[in-house]
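Trainee: Chain order of the listed sequences is V and P.
Residue numbers for the first sequence follow the working numbering, beginning at 872 and rising by one.
Residue numbers for the second sequence follow the working numbering, beginning at 872 and rising by one.
Honestly, I wouldn't trust all of these hints.
[Claimed, not checked] Chain P regions said to be covered by chain V (calculated; three or more residues, Cβ under 8 Å):
#	stretch
1	1070–1082
2	1249–1259
3	1333–1339
4	1402–1412
5	1416–1428
6	1440–1447
If you are wondering where the hints come from, they were derived from the structure by calculation, not from laboratory data.
The beta-carbon is built from N, C-alpha and C at its ideal position, and this holds for glycine as well.
Number of protein chains: 2
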Amino acid sequence: MPVYNAPVKDMQFVLHDVLNVSESDIPGYADLEMDFTNAVLEEAGKLTSEVLAPLNVVGDQEGCRLENGIVYTPTGFKEAFEQVKEGGWTGLDMPEEYGGQNMPYVLGTAVGEMFSGSNQAFTMYQGLTHGAAAAILAHGTDDQKNTYLPNMVSCEWTGTMNLTEPHCGTDLGLMRTKAEPQADGSYKVTGQKIFISAGDHDMADNVIHLVLAKIPGGPDGIKGVSLFIVPKFNVNEDGSLGARNGVSVGAIEKKMGIHGNSTCVLNYDDATGYLLGEEHKGMRAMFTMMNEARLGVGMQGLSAAEAAYQNAVEYAKDRLQGRDVTGVKNPDGPADPLIVHPDIRRSLMDQKSFIEGARAFILWGASLIDQAHRAQDKDADGLVSLMTPVIKGFLTDEGYDMTVQAQQVYGGHGYIEEHGMSQFTRDARIAMIYEGANGVQALDLVGRKLAQDGGKHVMAFFDLVKTFCKENGDDEALKDFIEPLKAASKDLQAAGMYFMQNGMKNPNNALSGSYDFMHMFGHVCLGLMWARMAKAATSALAAGTSDAAFYETKLTTGRYYMARRLPATALHLSRIQSGADTVMALDAQAF
Amino acid sequence: MPVYNAPVKDMQFVLHDVLNVSESDIPGYADLEMDFTNAVLEEAGKLTSEVLAPLNVVGDQEGCRLENGIVYTPTGFKEAFEQVKEGGWTGLDMPEEYGGQNMPYVLGTAVGEMFSGSNQAFTMYQGLTHGAAAAILAHGTDDQKNTYLPNMVSCEWTGTMNLTEPHCGTDLGLMRTKAEPQADGSYKVTGQKIFISAGDHDMADNVIHLVLAKIPGGPDGIKGVSLFIVPKFNVNEDGSLGARNGVSVGAIEKKMGIHGNSTCVLNYDDATGYLLGEEHKGMRAMFTMMNEARLGVGMQGLSAAEAAYQNAVEYAKDRLQGRDVTGVKNPDGPADPLIVHPDIRRSLMDQKSFIEGARAFILWGASLIDQAHRAQDKDADGLVSLMTPVIKGFLTDEGYDMTVQAQQVYGGHGYIEEHGMSQFTRDARIAMIYEGANGVQALDLVGRKLAQDGGKHVMAFFDLVKTFCKENGDDEALKDFIEPLKAASKDLQAAGMYFMQNGMKNPNNALSGSYDFMHMFGHVCLGLMWARMAKAATSALAAGTSDAAFYETKLTTGRYYMARRLPATALHLSRIQSGADTVMALDAQAF
């Protein structure tokens, strides 16, 4: 069975050595002292490795089942969910007035990585609840907040997000679900929603569905979509549960992975719903939460890669196969461990250098969200909005590739289900799709985010890189980092310039390069993160740390990224600069 | 349910326009006239699309089951297997004296692509039989050939290859299975073999296992391994089946994909075996077939990509979502089809340009095998041996990525099992692992094949590229092809040079770059194929073909590859030239 060990030390390094969280003036960050974050992370690490990780394979093998309209989760999920609730983990970064602990999102994100890494399918139940609660928190009336949030923060009730319908996913303007206004101010919601994660289950007393639907007579397309709260059980005035609402589970989808999560077809039939936010402003309400939701999915790319990597490393150390060509390393054994072989090293270094760079990127993004929300910093909000499609798209693509690499280390043993390596790839695959398929992330980045606020945020990003390079350009110890970062950043700027010069006359010149741009942006972000981590490591070494090996390893891992991964920007640039012609030339019937 | 349409026209283009097979002086090629190959391919296309393709999902969903020692294949497999046998497809390229049709391997390969593309798991039963029969043909005594081959060529009996044991896959020198010599010249084989594809089933009267084992007292390690024929049922003198032999199925593996194939744990317990070839020369006998076997697996990368692509194209044409940013394309519908969007195009062009390039590469490789075997051409043998790890490693890596891209076109509908897109990726994943994991292919390429015969074959490859570029360098119509090919080939040569200069002092400098080298070699091969296809297309256009659209599409698709895919060689070169330092620097415990 695969292991999961929470990467507490690496998280602490990012939080304290790189982001210096406890010295930040973001409200609430002063609490994030080393000992405190360590206690939280250690505790979460214990729960995730001891309780959630062993259930990961169980969830995959058993899946969820629908019997007589009731959805049953896999063996052990219910008990584990109780433990998670009892530990207060579900409301870690939610407001205290609704039972949360009001901790910064950056800490919630580190804890979230452990939850997702140990059991992605299980963690989605609380993840969706968190998203739905956050939407109610941002757009609900006081009455709605008081009715739903305390039970959602504690996960006594869970939540869902209902967007997709059979004929529309990305293009929600085509939506058919209707919400008819009633005399009492409520609505009757009717329609079918599909792909509803954590859509129904046996682990909570109620499920609070957030449902996008159209109020008849409203504007056409996406501008006529509103958001509704549709509880599985109606909630009485006194907070007790009333009658079953008109929503039922049509089916549980058979999926490639995340079998432990009940992905449902939900049928709404005159279900009572309550408008959340304003009429016809449903997309806006849903999208308020988008940065966090997409960052959360990007994190799944990272967490899956971390979990798969941990097991690949163990296997590479244990499995004896072949001999080191430069000299026998295990003379007493019949063969040397896999890890002596250069190509296994290459694979493990690809994984390790991605994972650690991605973790820094995610936590930096989370700290920007804190800065935006807790310090009302609009620039931080703009910057993290710009980077959100990169976090989501790049990290889930790369994270998936890393699970495939980790699986490959096992050879044939990675292909059979016994070792759990197949599950990591099958589970990780969904993250490239949900919360907006990665092609849509690339479109969002190039089509919207680049030009947002007059291009202010992308300028701010380049300034950040430039300033870092200028401030540290003379540091001989950082030479291996600054030069590659400059080159990669220059590639990214050249791509942006190409879009500006050529996208005006033909938007396809920009959009044909959007996917490459998202990836090169991701590489530059990870390059920046590695440069910042290298600076933190050299500082610690210069200060005479007692843990020199740890910081030396950071530098070596970072050098690998800069030498072997970051130069991908040049390839992406050359593709982008080849323009739209070869991409768009064929008639549809020629495919 | 996914569709499969045999790509007959594209195959004919490669066979006739590019390879000019019927004008070749390879013995047997004169028969390969346009009408003849068309008849064969059309017939195979009918069988595969109508009979095998519909069973692909059935095989995935039902899998194989073991009951009371008997392995049952999925519903419909047995009947389909009868149809395949009746059509004579199993012996297409086998000798006539054993019931085959003695057609060139190049045609067998084209047909094989259809079989694998329509149903990979099903096709493996005959594929393994073909491999085992080929080994008996090459190394068996006349008696062995007469005993086994007629029934194996017709697939009345099927075959298996038994290499892997629980503790050894790549490093077969660690093998523990024993073969004790008996007084009558036979052996008693005892041991456990795992991951045995088509290991047992209910579709044939007998299964002929080829088993690697050690004869006690022989040399240590890989030099003491011999190959044995171990039939499931002993064969009497008169050819009738005798008693059950001492081989039993321990389990059917639960795998990520190819569920329709019975991947078995086989337990040998004093099973009667017959030496195939010489004592202690088992690896040599097994590896005689390696070029074909690995080319066959490389073909699975291509065929999976083709099948997934066909469905992605259909979906992209049908699914209405969003609007073309340059102007509405489907004004009467609620939205435009996905295929109008540049990033969907990019994905489809990635797939299309890979698939067509890969097909040309595979068929060229198959024609070299024919040249080697039918015309006893040692240079052809050397060249195809050099390219075999590239065909296997590069095409299965890329083929897998293409199935992932095809799945992505479906969004959430690609993640659920309903549309079959998940199966394409799950099935394709194995091809990166079996017949030597792709890391081992890279090692074979850089550690053995490059230097083989004094580097003669790699020189011959570069000469081929150079000659083509020289001969066609003045052709304005080929400008988009020749220049990128030259640049990519230069990158590849520079990488080879780097290995020569730095691999001597430290082999890790070469081996750390082996995977990148395999991929850059693959790109150069596909670049060469596209240049040759472009030349064929321009010739056809110049000659006033009546099918100009077909040839124009070839040129456009090729230009895409040259502009967007081939430049990857520069990235691979830069990684290789960064050397082994960052790859090998960490202590094993630092991972």
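Trainee: Which numbered conditions among the earlier hints are violated in the structure presented, ordered from lowest to highest?
Mentor: Violated hints (numbers, rising): 1, 2, 3, 4; every other hint is consistent with the structure.
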